[in-house]
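Residue numbers (my numbering), protein chains in the order written: chain A, 1 to 118; chain B, 119 to 233.
A couple of the hints might just be wrong.
Stated by the list, open to error - Simulated restraints, written as ranges between beta carbons of each label pair: (1) A:Thr20 x B:Glu146: 32 to 40 angstroms; (2) A:Val83 x B:Glu174: 36 to 44 angstroms; (3) B:Asp181 x A:Arg110: 45 to 53 angstroms.
Keep in mind that the hints were calculated from the coordinates and are not lab data. No residue lacks a Cβ here, since even glycine has one placed at the ideal position from N, Cα and C.
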Amino acid sequence: AQSVAQPEDQVNVAEGNPLTVKCTYSVSGNPYLFWYVQYPNRGLQFLLKYITGDNLVKGSYGFEAEFNKSQTSFHLKKPSALVSDSALYFCAVRDMPRRGSTLGRLYFGRGTQLTVWP
Amino acid sequence: DTGVSQNPRHKITKRGQNVTFRCDPISEHNRLYWYRQTLGQGPEFLTYFQNEAQLEKSRLLSDRFSAERPKGSFSTLEIQRTEQGDSAMYLCASTPTQPSGNEQFFGPGTRLTVL
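With the rest of the complex left out, here is chain A (with noise of 0.2 angstroms):
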């Protein structure tokens, strides 16, 4: 079955300085994923996906995550933080589209709140 781990719930980190946030897989076949940034009482905005292609993947906002087969992770990257970055990260995978599978649902991850101090 298809599932995402977000290890930390909270991520902090200094304004200026690099970002990380963690994101693990586990499908059947090769993965689609997707990182998306929701912000308090809104819905969930895309950053960027890895469909195929290049294991760095560049998105909005400067942000970029690093596809990593062997260690099935997906991890969200930013070389500088800025205090606007502060919201809640979603990682989410779906399976490739193939007969008989389910089409484009996403199975999220239960989030990573990232805050961004001054």
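We have chain A; now place chain B onto it with these hints.
For chain B alone, kept in the frame of chain A given last:
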């Protein structure tokens, strides 16, 4: 605004009442998803539409829940005889069928509080 919209944004109801939420997806997105998010958890899949056809329902979707997408455009999610455990954020998302790796675009959600 061409994003996914949801109405109402907030709903407070008494236990036992029926509630209905509406989702308007991005125009021409033929796939529509409903998710439920409770405090401290990630969104959990409820149901999925391809155009007007409801192709999958989660086990979370008890018989008190029903969803429709009658013309393949907007969708409604109804909860009958609400219970306190139904209190959550209900999220709608849409995406086009192709390419298959497209991300889902989420609406702002409807926050339901059952008293």
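**Prompt:** Which of the listed hints are not met by the structure?
**Reply:** 3
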